[in-house]
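Protein chains in written order, with the numbering used here: chain S, 406 to 594; chain U, 18 to 203.
By construction, these hints were calculated from the structure, which means they are not laboratory data. Just so we're clear, the structure is a prediction, and the values are computed from it rather than from any experiment. Don't take each hint at face value.
Claimed, not checked - Chain S side only, calculated, beta carbon under 7 Å to chain U, not exhaustive: (1) 503; (2) 504; (3) 515.
In this text, a Cβ means the ideal position worked out from N, Cα and C, and glycines have one as well.
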Amino acid sequence: MNMTQAVLIFLGLSLDGFIVMMKKGASIRGLTIKNSLTYAVVYTAADVLAVLIGYSISYFLKGFISNRIEVVIACLAIFAIGCYLITKAVRDTKFEEKLDKTFNLKQCFGLAAATSLDTLFLGVCFSFLGIALGQAIALSFVMTFVTILIALSIGYTQGARYQTVFGISGGCLMIIFSLYILFAYAIMR
Amino acid sequence: MEYHKGMMKTYLFENLRFLMQHHLFEKITIKQICDQTGVIRATFYNYFDDKYDCLNAIVYHDFVENSHAYLEADQFPEIIGQILQVVEDNRDFYRVAYSVSGQNSFEDMVRANLAILFKEYFVRYRRPGYLEQYSNDLLSRYYAECVAFDLRTFVFRTDGTFSVKDTRQMVLDLATNSLSNFTRKN
Numbered sequence: 406m407n408m409t410q411a412v413l414i415f416l417g418l419s420l421d422g423f424i425v426m427m428k429k430g431a432s433i434r435g436l437t438i439k440n441s442l443t444y445a446v447v448y449t450a451a452d453v454l455a456v457l458i459g460y461s462i463s464y465f466l467k468g469f470i471s472n473r474i475e476v477v478i479a480c481l482a483i484f485a486i487g488c489y490l491i492t493k494a495v496r497d498t499k500f501e502e503k504l505d506k507t508f509n510l511k512q513c514f515g516l517a518a519a520t521s522l523d524t525l526f527l528g529v530c531f532s533f534l535g536i537a538l539g540q541a542i543a544l545s546f547v548m549t550f551v552t553i554l555i556a557l558s559i560g561y562t563q564g565a566r567y568q569t570v571f572g573i574s575g576g577c578l579m580i581i582f583s584l585y586i587l588f589a590y591a592i593m594r
Numbered sequence: 018m019e020y021h022k023g024m025m026k027t028y029l030f031e032n033l034r035f036l037m038q039h040h041l042f043e044k045i046t047i048k049q050i051c052d053q054t055g056v057i058r059a060t061f062y063n064y065f066d067d068k069y070d071c072l073n074a075i076v077y078h079d080f081v082e083n084s085h086a087y088l089e090a091d092q093f094p095e096i097i098g099q100i101l102q103v104v105e106d107n108r109d110f111y112r113v114a115y116s117v118s119g120q121n122s123f124e125d126m127v128r129a130n131l132a133i134l135f136k137e138y139f140v141r142y143r144r145p146g147y148l149e150q151y152s153n154d155l156l157s158r159y160y161a162e163c164v165a166f167d168l169r170t171f172v173f174r175t176d177g178t179f180s181v182k183d184t185r186q187m188v189l190d191l192a193t194n195s196l197s198n199f200t201r202k203n
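This is chain U alone, in the form it adopts within the complex (with noise of 0.2 Å):
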């Protein structure tokens, strides 16, 4: 039963991903969502509130719940990898939905399922005793806010100098050295 549910979820944010490539979000609506999956409007408001709730779960799917395993066995690195090659994948999604902003904005979805990501990253992982002022809730906001901005300029290059693996190594690169190892030192 579990699993039925968590299929119908996914098919459900799967059509919005597809539908969101032909049409303008503003312009789709929850008949059309259910249209595509072949449900009724009753089975949409089983999972989702509303479109943005739906569009909230494809990045949650992608960011958090992709990263699961990597998340669980202590590799950094790899959930950075995978979340850019899931937006590489979805290159023509993600820059449609980029432009989805207001009050529910994409790029506010995006930064709030880092955060989570950080939060539980920082939960399991963080070093005891070491500046303890700052909270989990804080640096997980903080790095969440520098790996959006990465992202951001990751979905939208138009050069194609930077792959996944290069843009890997620069969201490493600047979520690891501080701003000192940038400066020269007295």
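Looking at chain S on its own, in the form it has when it is part of the complex (with noise of 0.2 Å):
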């Protein structure tokens, strides 16, 4: 796999956490610079510890499973969470833009957690997949900073809008690619 699929498909991910973070945008009363920075960090961190935790993981699998299989697993697993985002998206629709006067630093980490989870099989994936260790720390560093960033942004500017259809296409691009994948690396070899 090459680093724009891997860039894509990370992607498609980080839409779950954009759409956390940009309802959370449209609930805080006063989102400085500071204030952005500190959460995009936090969020960051979260993610990069997932996708090392997931590469732990797969170290230990590697020595059970033939490459093939290995791809196959790792295609179907980021189908799976494509299709998972897709209905979350689908069933989440509603949302009221609401003051949340409680939101710190300790649930953004909770929040950044829950989001991490796929992140965490992502990386598993990213790892049978053959991405270096390093390009997914770097990969999910800048990608998750910025996605968290912009999303930030976009929901105290503009307010939660769109996040049916930011959910769905970053679904629809995990799945397109771990289908393209599958055909390309596990079957048509």
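Grab the two chains, each in its own frame, and use the hints to assemble them into the complex.
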């Protein structure tokens, strides 16, 4: 799998965190640059940690399964995450913008941890698909940080709009690439 | 400063009142209210928690704040007349607003604000020693419920037979007469 495909798959996944933080952005009274950066750092740290854990898990599993099976498992997992994101986006259409006076770093970490579970699985998949750990961490760091900053800014200025479109797009992106990789690397070879 | 704050709050909820006459309440976003008022989201959140809170402020303004002078002067018929007049002047808004249902229904807001008004009235003018087992809370909720029913009927009347004056008389008649006055005495 090349880096462009990895970037697009990660982009699909990060749209999940994007929606969560866009909603938060729409519920925060005073969003300063400092606050935005802090929330983005917390979210990024959780995501990078999830990637690291994902890679660690994959190293344990690697000895037991062949390369072809690894790719198949990875593609099916990415496909499943994509389906999950689409289902979530279709179900969670109702959102009322309401002031959240209690939102703080602890809550932000809680949200990040919840959405990082998908990233953990993606970490396992990336490892199976042969993406180097350093590349995966760099990708997760940059993508998450930028996505969260943009999400907070859009949520604060525009409100939490088009969340279903974002969710479905993210899911579709993951499904398309999982199928592509499955055919290109596991079935056609 | 306080005056300025009050004005900003009024601008925000008056713009919501305006928007509601052109868009579905469910579709109205805080951004739309802010854009209409020319402020940022933080300003909106300085005054209201959400758009329902903003809608409630309209009812509070129309029913409670506007009635304050009459309340001070113990002019109950004028309070009812004032409320009906506001509803008459903003009938389009009230017709749309009554469609807001669910957990934060408009009807609940009307009841709650009328209860505030009645409670203030009972606190000031309740006759001492008369049926004291019934608290001001209970009485205010009871009468708020009754007047809310009258108001809803008034908002959705289509035949044009009931003017503000007629409806005011009806509210006063129903509020000041007991059940026994309407039934045959033994």
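Hinted contact residue 503 of chain S with chain U - closest CB pair below 7 Å: With a closest approach of 4 Å, the residue 503 of chain S hint holds.
Hint validity - residue 504 of chain S Cβ closer than 7 Å to any chain U Cβ: Check passed: Cβ of residue 504 of chain S comes within 4 Å of chain U, closer than 7 Å.
So, residue 515 of chain S near chain U? Judge it on the closest CB pair being under 7 Å. 22 Å, violated
In terms of the numbered hints stated before, the structure departs from hint 3 and from no other.
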